[in-house]
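Q: Single-letter residue listing:
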Amino acid sequence: DVKVTQSSRYLVKRTGEKVFLECVQDMDHENMFWYRQDPGLGLRLIYFSYDVKMKEKGDIPEGYSVSREKKERFSLILESASTNQTSMYLCASSFLPGTYNSPLHFGNGTRLTVT
Amino acid sequence: SQQGEEDPQALSIQEGENATMNCSYKTSINNLQWYRQNSGRGLVHLILIRSNEREKHSGRLRVTLDTSKKSSSLLITASRAADTASYFCATVRPAGGTSYGKLTFGQGTILTVHP
Chain U
98 DVKVTQSSRY LVKRTGEKVF LECVQDMDHE NMFWYRQDPG LGLRLIYFSY DVKMKEKGDI
158 PEGYSVSREK KERFSLILES ASTNQTSMYL CASSFLPGTY NSPLHFGNGT RLTVT
Chain P
6 SQQGEEDPQA LSIQEGENAT MNCSYKTSIN NLQWYRQNSG RGLVHLILIR SNEREKHSGR
66 LRVTLDTSKK SSSLLITASR AADTASYFCA TVRPAGGTSY GKLTFGQGTI LTVHP
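As given, the protein sequences belong to chains U and P, one line each in that order. Take 98 as the starting number for the first sequence in our numbering and just add one per residue. Take 6 as the starting number for the second sequence in our numbering and just add one per residue.
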């Protein structure tokens, strides 16, 4: 079974802190994604990566950056955390580059609270 | 705006009844996927239906796709209390260039199955 592991289930940070959310997958997937999930807004794509060192902006990249130095690891960085970044963050990965018929495998999420 | 929109937003039924959830989308798609999310957890892929397919089955799940109406439905037959979860549709739009499968999620239907 594919396993996508997010380093923290719960995280509390202060406004202005630099925050790192880590995600590791164990199935050699090319594609990795970061979503945030908020009540009433559903899941929104922040960034994705289809290869090492490659990244593409999603729908809401402002205030975030990402890093993919190794194929199995995709990090989301909040350069200066703000209260409106309090949310559930979900990492996902998928296989089969070159096609779109590949399901996403999700981690269990990191619930981030910025105070 | 969200590509997929689920209807109803919430559904409450008794064990043994069937549950039907609908999803509408706005632009052409490559495929449509349904996911399930238990409270506080990540999403789990249920079923994928391609744009050239009309119906697909997986166990107690039946998914239909009507591309002329830009809609899909998920039917869970003989529901169980363990089916209680949020259900999301996600669409993959045709895209050229980079090889990734970018999914756009709806806001989900909250299903409660009472024992």
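Since the hints were made in silico from the structure, they are not lab data. For glycine and all other residues, C-beta sits at the position ideal for the given N, C-alpha and C. Hints are not guaranteed to be accurate.
[What the hints assert, rightly or not] Okay, derived cross-link-like pairs now, DSSO-like style, lysine-lysine, Cα gap no bigger than 30 Å in a straight line:
#: 1; chain 1: P; residue 1: Lys61; chain 2: U; residue 2: Lys100
#: 2; chain 1: U; residue 1: Lys167; chain 2: P; residue 2: Lys107
#: 3; chain 1: P; residue 1: Lys61; chain 2: U; residue 2: Lys152
#: 4; chain 1: P; residue 1: Lys74; chain 2: U; residue 2: Lys100
#: 5; chain 1: P; residue 1: Lys61; chain 2: P; residue 2: Lys107
#: 6; chain 1: P; residue 1: Lys75; chain 2: U; residue 2: Lys150
#: 7; chain 1: U; residue 1: Lys154; chain 2: P; residue 2: Lys75
#: 8; chain 1: P; residue 1: Lys75; chain 2: U; residue 2: Lys168
#: 9; chain 1: U; residue 1: Lys168; chain 2: U; residue 2: Lys115
#: 10; chain 1: P; residue 1: Lys75; chain 2: P; residue 2: Lys61
#: 11; chain 1: P; residue 1: Lys31; chain 2: P; residue 2: Lys107
#: 12; chain 1: U; residue 1: Lys167; chain 2: U; residue 2: Lys154
#: 13; chain 1: P; residue 1: Lys107; chain 2: U; residue 2: Lys115
#: 14; chain 1: U; residue 1: Lys100; chain 2: U; residue 2: Lys110
#: 15; chain 1: U; residue 1: Lys115; chain 2: U; residue 2: Lys150
#: 16; chain 1: P; residue 1: Lys31; chain 2: U; residue 2: Lys152
#: 17; chain 1: U; residue 1: Lys100; chain 2: U; residue 2: Lys150
#: 18; chain 1: P; residue 1: Lys107; chain 2: U; residue 2: Lys100
#: 19; chain 1: U; residue 1: Lys154; chain 2: P; residue 2: Lys107
[Claimed, not checked] Over the 10 Å line for every Cβ pair with chain U, so calculated as not near, a few chain P residues:
#: 20; residue: Ile18
#: 21; residue: Glu22
#: 22; residue: Thr109
Q: Look at each hint and say if it fits the structure.
A: Verification of the hints:
Straight-line distance between C-alpha atoms of Lys61 of chain P and Lys100 of chain U comes to about 26 Å, which keeps the hinted pair within the 30 Å bound. For the hint linking Lys167 of chain U to Lys107 of chain P, the alpha-carbon distance of about 21 Å falls within 30 Å, and the restraint holds. Between Lys61 of chain P and Lys152 of chain U, the direct Cα distance comes to roughly 34 Å. Violation of the 30 Å bound is thereby established for this hinted pair. Between Lys74 of chain P and Lys100 of chain U the alpha-carbon distance is near 36 Å, which puts this suggested pair outside the 30 Å criterion.
Restraint check for Lys61 of chain P and Lys107 of chain P: the C-alpha separation of about 22 Å stays at or below 30 Å, so the hint holds. Using a Cα cut-off of 30 Å, the hinted pair Lys75 of chain P and Lys150 of chain U is violated, with the two alpha carbons roughly 36 Å apart. Distance hint between Lys154 of chain U and Lys75 of chain P is fulfilled; the C-alpha atoms sit about 27 Å from each other, no more than 30 Å. A threshold of 30 Å between alpha carbons decides the hint, and for Lys75 of chain P with Lys168 of chain U the separation of about 36 Å lies outside it, so the pair is violated.
For the suggested pair Lys168 of chain U and Lys115 of chain U, the alpha carbons sit about 23 Å apart, so the restraint of at most 30 Å is met. For the hint linking Lys75 of chain P to Lys61 of chain P, the alpha-carbon distance of about 16 Å falls within 30 Å, and the restraint holds. Pair hint Lys31 of chain P plus Lys107 of chain P holds up; C-alpha atoms about 16 Å apart against a cutoff of 30 Å. Straight-line distance between C-alpha atoms of Lys167 of chain U and Lys154 of chain U comes to about 19 Å, which keeps the hinted pair within the 30 Å bound.
Between Lys107 of chain P and Lys115 of chain U the alpha-carbon distance is near 27 Å, which keeps this suggested pair within the 30 Å criterion. For the given pair, Lys100 of chain U sits about 27 Å from Lys110 of chain U by alpha-carbon distance, which is consistent with the 30 Å threshold. A distance of roughly 21 Å separates the Cα atoms of Lys115 of chain U and Lys150 of chain U; the hinted pair therefore holds under the 30 Å criterion. For a cut-off of 30 Å, the pair hint linking Lys31 of chain P to Lys152 of chain U stands: about 26 Å separates their Cα positions.
Note on Lys100 of chain U and Lys150 of chain U: the hinted pairing holds, with a Cα-Cα distance of about 21 Å set against a maximum of 30 Å. Annotation: proposed proximity of Lys107 of chain P to Lys100 of chain U holds, straight-line Cα distance about 20 Å (limit 30 Å). At roughly 11 Å between alpha-carbon atoms, Lys154 of chain U and Lys107 of chain P fall within 30 Å of each other, so this suggested pair holds. Distance check for Ile18 of chain P against chain U: the nearest CB is about 22 Å away, which clears 10 Å, and the non-interface claim stands.
For Glu22 of chain P, the non-interface assignment is confirmed: its Cβ lies about 26 Å from the closest Cβ of chain U, beyond the 10 Å cut-off. The claim that Thr109 of chain P lies off the interface is violated: its Cβ sits roughly 7 Å from the closest Cβ of chain U, which falls inside the 10 Å cut-off.
Taken one by one, the earlier hints fail for this structure at numbers 3, 4, 6, 8, 22, listed in ascending order.
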